[in-house]
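Visitor: Given the coordinates of chain A, assemble chain B onto it according to the supplied hints.
Chains A and B, in that order, are what the protein sequence lines are.
Every position in the first sequence, counted from 1, becomes a number in this note's numbering once 4 is added.
Every position in the second sequence, counted from 1, becomes a number in this note's numbering once 4 is added.
Derived from the structure by calculation, the hints contain no laboratory data.
Just so you know, not all the hints are guaranteed correct.
Because identical chains share one entry, a pair is satisfied inside a single copy or across any pair of copies.
[What the hints assert, rightly or not] Derived DSS-like pairs: lysine-lysine, alpha-carbon spacing no greater than 30 Å straight-line: (1) K359 <-> K310; (2) K227 <-> K59; (3) K59 <-> K85; (4) K63 <-> K33; (5) K287 <-> K85; (6) K85 <-> K359; (7) K222 <-> K287.
2 protein chains.
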Amino acid sequence: MMNIAIAQSGGPTCAINASLVGAFKEAFKESSIDAIFGSVNGIEGLIENRLIDLKDMIKSTRDIELLLQTPSTVLGSCRYKLPDWHDDARIYEKIVENLNARQIGAFFYIGGNDSMDTVNKLSQYLTEHNVDIKVIGIPKTIDNDLCVTDHTPGFGSAAKYVVTTMREIVRDSLVYSIPSVTVVEIMGRHAGWLTASSAILHHLGESAPHLIYVPEAKFTVDKFIADVRQEMSKRQAVIIAVSEGVSVPEDVLSGVVDNFGHKYLSGIGKYLEGVIRNEIGCKVRSIELNVMQRCSSHLASLTDIKEAESIAAAGVRCALNGDTGKVMVFRRISDAPYTVSIESVAADQIANKEKFLPKEFVNGAQNNIDDAALPYFLPLIQGELGLIMDQGVPCHFTIRDSILS
Amino acid sequence: MMNIAIAQSGGPTCAINASLVGAFKEAFKESSIDAIFGSVNGIEGLIENRLIDLKDMIKSTRDIELLLQTPSTVLGSCRYKLPDWHDDARIYEKIVENLNARQIGAFFYIGGNDSMDTVNKLSQYLTEHNVDIKVIGIPKTIDNDLCVTDHTPGFGSAAKYVVTTMREIVRDSLVYSIPSVTVVEIMGRHAGWLTASSAILHHLGESAPHLIYVPEAKFTVDKFIADVRQEMSKRQAVIIAVSEGVSVPEDVLSGVVDNFGHKYLSGIGKYLEGVIRNEIGCKVRSIELNVMQRCSSHLASLTDIKEAESIAAAGVRCALNGDTGKVMVFRRISDAPYTVSIESVAADQIANKEKFLPKEFVNGAQNNIDDAALPYFLPLIQGELGLIMDQGVPCHFTIRDSILS
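The shape of chain A in the complex, shown without the other chains:
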């Protein structure tokens, strides 16, 4: 018999709690696993010994259903980067002490490429020090920028939000009888996956977005203005999707840097709105989809939620089979019918790396997404959750604030 621990990390998505459910359910039915702990605030919970008993937290099928429709991380999150253990092993010793004190034999970390760095370092440390605790990474990120895996849990729901909302913005933009431009800013610092997913609208008969700019394509302000002018010659209301990370002249956007050295970007949409106002002078507005694109569980993709459960359950099987230092990945077998398999790869193939849009997804003019990309995106946004509502509002699963603070 052993106990296990699960933690959630990085930026919120709609599917992180579904992965918690997937790991929990798989562990619950496994006779060799006794207690299932949740580490509060990701790896910080292991360091500071803040763990809660998930069997006390998740007590019914209704709890599970609520978790599946609750965005963000019910156990809290962190942006904590483990030091190199050759330089400083004290944090690692603390983690091992806390894991051993609770007879935890496997740790599952649901997170993005930064969190997979934690999986990589911690599993290496444990192996080198002959500590038999398995460490397995469960991928998640709305950015869809993890290497090896076909896609990441959380991305499909975010894409479904982007496509649905973009279509509603299109309707909103068509009402007046004067020319107008709408710039929609979508998350994605280096990879344009989420912005590119807005091209699904083309498959649904919409001409919008008329221009799509991703960080992988060449971008200049002069070319942008020329593109907008050309679209305005063809239609009254021009709708533009732009990744937050499209490269504009330096120091246009604020330069706050987070713990991982990521530049905190804000304002490409607002910036391009200003460019259009000054250079073209038409009615123009910018819309930032902001955190709604990562937390709108009421629009979650059923495919995404189910896959987030499955990949976490597979992670538990992987640890039980004796693996460690692995990250679970999807491999796509076919687009239609949509089929994926779940496999595992060494964490160092994923940690701290980014996957970018393939060249063939971007059109020749570098200002839109090629139709060739659509079979990749379409299956990921299919299906809806049957939401549990209370008084007209989707319910969420919550634990006492005091547990998280």
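Guide: Frame of chain A, contents of chain B only:
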């Protein structure tokens, strides 16, 4: 036999097309009405003789179902203010000429307080000139600021979006183990109805929003900072709802110039974000719900959509009964069970006027909404549409762009 015309005006909502459906269906089953025209871009369509045959446009129950889940105005909109006809009657003569040419005996205008000015002026002109064409106003606005009526179609769906999204933002805000403030900017230049509706979350067991600022309450930046500090002493993640129209010193929201010398208008949310960063120095972000709060039909309130249909149908009955220059209104009979009647009032009681939050809806400290307000808001967000989906995305009803341009 007579023909009728319907037009849509002002800012988009999720319920304007439902009112089009309500008027269309009522007219369709009425033997004394023959053709049903739609005027493109509101009153501009009547002036410029841009009318389309709605029986050609709406041909099936599926078309009707799609219209009910399509945001914005399928017939386009306008922001056109009729001149005083004593000063300049030419526009009015043009309208009468176009209405008479098509034997239109009644005109229904779906819009907000500006549009009701059009209803008022046009009906007065027609009466004074003995032209027997009825003009009836059908209310709509997410701002809920029309006088006399208990509430306006469009508001309930916007409120449902605000409450649902605010709850998701709460989950998104609770994840990290450091103090943070989230400022959510909600539409409402002069009236705080939509911002106030976020207080429904209190009824659902959420402590957030912890602070709610509406234009009707006194607001000073110093008091705001003190309020935020006090909330931060009680909890890790402070969530604030603020109306775009909360009054701040005049020069702060305009005239901001970016690094390239581009002037851009900053919203109240961004402004307050800056205030908190500078004065308190904690992690802070602002989120503008932007046009999503008025066009997110995927989250429409069924109560709102059904009422938008009913009030427009009642408008058709009102004209058939010989009334003109009237606006249809809801009168609330009881909160629970929720019951409203539909009546009509003279357009001049509504045109160009605004209705504000009652004093008793705002708390004593002027920084939140009193629980006494909740029975008013709650019934308006109840129920959901069963959405028609295509490939994972809600479908919309559209007519050819060329008709609208």
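Visitor: Now tell me, hint by hint, if it's right for this structure.
Guide: Right, here's what the structure says about each hint:
1. K359 <-> K310: within (23 Å within a copy, 47 Å between copies)
2. K227 <-> K59: Answer is neither; intra-copy 57 Å and inter-copy 45 Å both fail.
3. K59 <-> K85: Classified as within: same-chain Cα gap 29 Å, cross-chain 63 Å, threshold 30 Å.
4. K63 <-> K33: For K63 and K33, only the intra-copy Cα distance (14 Å) is at most 30 Å; the inter-copy one is 54 Å.
5. K287 <-> K85: For K287 and K85, only the inter-copy Cα distance (19 Å) is at most 30 Å; the intra-copy one is 45 Å.
6. K85 <-> K359: Within. Shortest intra-copy distance 20 Å satisfies the 30 Å Cα cut-off; inter-copy 53 Å does not.
7. K222 <-> K287: within (26 Å within a copy, 33 Å between copies)
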